[in-house]
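J.: So the protein lines, in turn, are chains G and Y. If you're matching positions, the first sequence starts at 340 in my numbering and goes up one per residue. If you're matching positions, the second sequence starts at 5 in my numbering and goes up one per residue.
Please note: incorrect hints may appear among the correct ones.
As the list claims (entries may be wrong) - Below, in silico cross-link-like pairs of lysine-lysine (BS3-like), each with a Cα-Cα straight-line distance of 27 Å or less: (1) G/376 <-> Y/82; (2) G/383 <-> Y/82; (3) Y/39 <-> G/383; (4) Y/39 <-> Y/60; (5) G/372 <-> G/383; (6) Y/66 <-> G/372; (7) Y/66 <-> Y/39; (8) Y/82 <-> Y/60; (9) Y/82 <-> Y/39; (10) Y/60 <-> G/372.
Treat the hints as calculated values from the structure; they're not laboratory data.
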Amino acid sequence: MSQAPNTEGARAFASFILSDRGQQLLFHPDIRKLPIKPSVYRNKPEGYFNPFENNPTFIYNGRKGLTRQMQQMEFYHLALAVPQSRHQQDPSVQRGKFLFIQSQCAACHIPQVTTGDFPQLSVLSGKTIMPYSDFLLHDMGPALADGRPDFLASGSEWRTPPLWGIGLANTVDEQAGFLHDGRALTLLEAILWHGGEAEYVKQQVKAMPAQDRQSLIDFLYSL
Amino acid sequence: MASALTIKAALRWPIQTLFIWLMLLSQMSLADTAKVVVMTSYPQEVVSQFEAAFEKQYPQYKLEVLWRQSRDAMAYFKSAHHPVDVYWTPAQRNFVQLEQMHAFQPLNIHLEGLPATLNGFPLREEYTLPS
Numbered sequence: 340m341s342q343a344p345n346t347e348g349a350r351a352f353a354s355f356i357l358s359d360r361g362q363q364l365l366f367h368p369d370i371r372k373l374p375i376k377p378s379v380y381r382n383k384p385e386g387y388f389n390p391f392e393n394n395p396t397f398i399y400n401g402r403k404g405l406t407r408q409m410q411q412m413e414f415y416h417l418a419l420a421v422p423q424s425r426h427q428q429d430p431s432v433q434r435g436k437f438l439f440i441q442s443q444c445a446a447c448h449i450p451q452v453t454t455g456d457f458p459q460l461s462v463l464s465g466k467t468i469m470p471y472s473d474f475l476l477h478d479m480g481p482a483l484a485d486g487r488p489d490f491l492a493s494g495s496e497w498r499t500p501p502l503w504g505i506g507l508a509n510t511v512d513e514q515a516g517f518l519h520d521g522r523a524l525t526l527l528e529a530i531l532w533h534g535g536e537a538e539y540v541k542q543q544v545k546a547m548p549a550q551d552r553q554s555l556i557d558f559l560y561s562l
Numbered sequence: 005m006a007s008a009l010t011i012k013a014a015l016r017w018p019i020q021t022l023f024i025w026l027m028l029l030s031q032m033s034l035a036d037t038a039k040v041v042v043m044t045s046y047p048q049e050v051v052s053q054f055e056a057a058f059e060k061q062y063p064q065y066k067l068e069v070l071w072r073q074s075r076d077a078m079a080y081f082k083s084a085h086h087p088v089d090v091y092w093t094p095a096q097r098n099f100v101q102l103e104q105m106h107a108f109q110p111l112n113i114h115l116e117g118l119p120a121t122l123n124g125f126p127l128r129e130e131y132t133l134p135s
């Protein structure tokens, strides 16, 4: 930086980052980033990606940048369908749906939302969708807090994640974890981590008869 | 008794000077390890690896890490805070803004073995190239 009190030290640190030794550190299993020094890839771990090997997927255009690829990628994501819900006629799933609303899960995980105007892809305008989210921030209590404020979210606030498709999470990835850091191995565990604004709903789930708790989980698996 | 006292008195002066010497020495070695202030948004797992390896290779320096997310980093630079030696981050947009604020000085380090672009994507600003 122009005001650097220790220019020599700054130079030493930057040189170190760019040195073979520093670049090699990026292979470390805790880091796993891509070195910008081609020679370093000679010692890359088995199967590590080398962007300097002929790889034409992303050719950067100095003027237009990545915009074309970005637009295509954005369009692809916009056009992705949500998985169909399943087993909606199952009595346990129906009981679970009732409990989901009765115990106020739906206060944050709002089942149904209608989209606004979306000129870029008009089929997505004015569409009724079932995301099971209010897309808002909630204080989830100290057990989920990471103490790191980020933009408008305090260190204990999280955005309600949509629950659509959550029943297929383990089909896609057997190891899939739930909550912001994947700490919950099951859906019930994810519910039991709820605190703060959602403390009272958790207490309701805890007080449920075991059969009802199972129905609530069956319902989540049907989404 | 009297002789013990004289021995003690006789030793006082050399002990005092030795003490002063030790203090001077310890201060000199403190001044020897200059701190390098690095502002970064990289997580702890990344920073601690680099911190340990850097201090091992350059024992004369001690890293002082200021952890700031990109937005907070810009707020830090815009208000008159303590100056920072190195800003180490993947926040590309901050670099553009900081450059417009003339917040950088040329680095003048060796760049051999480091390509300027990757698939057409610039990996560095031209002005850091040695002329």
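J.: Determine for every hint whether it applies to the structure shown.
T.: A quick look at each hint next to the structure:
Between residue 376 of chain G and residue 82 of chain Y the alpha-carbon distance is near 33 Å, which puts this suggested pair outside the 27 Å criterion. Taken as a hint, the residue 383 of chain G and residue 82 of chain Y pair is broken in the structure, with Cα atoms around 40 Å apart against an allowance of 27 Å. Distance hint between residue 39 of chain Y and residue 383 of chain G is unfulfilled; the C-alpha atoms sit about 32 Å from each other, more than 27 Å. For a cut-off of 27 Å, the pair hint linking residue 39 of chain Y to residue 60 of chain Y stands: about 14 Å separates their Cα positions.
Taken as a hint, the residue 372 of chain G and residue 383 of chain G pair is honoured in the structure, with Cα atoms around 11 Å apart against an allowance of 27 Å. Restraint check: the Cα-Cα separation between residue 66 of chain Y and residue 372 of chain G comes to about 24 Å, which is no more than 27 Å; the hinted pair holds. For the given pair, residue 66 of chain Y sits about 5 Å from residue 39 of chain Y by alpha-carbon distance, which is consistent with the 27 Å threshold. In summary, the hint linking residue 82 of chain Y to residue 60 of chain Y is not supported, as the alpha carbons are separated by about 33 Å, beyond the 27 Å threshold.
For a cut-off of 27 Å, the pair hint linking residue 82 of chain Y to residue 39 of chain Y stands: about 23 Å separates their Cα positions. A hinted pair counts as satisfied when its Cα atoms are at most 27 Å apart, and residue 60 of chain Y with residue 372 of chain G qualifies at roughly 22 Å.
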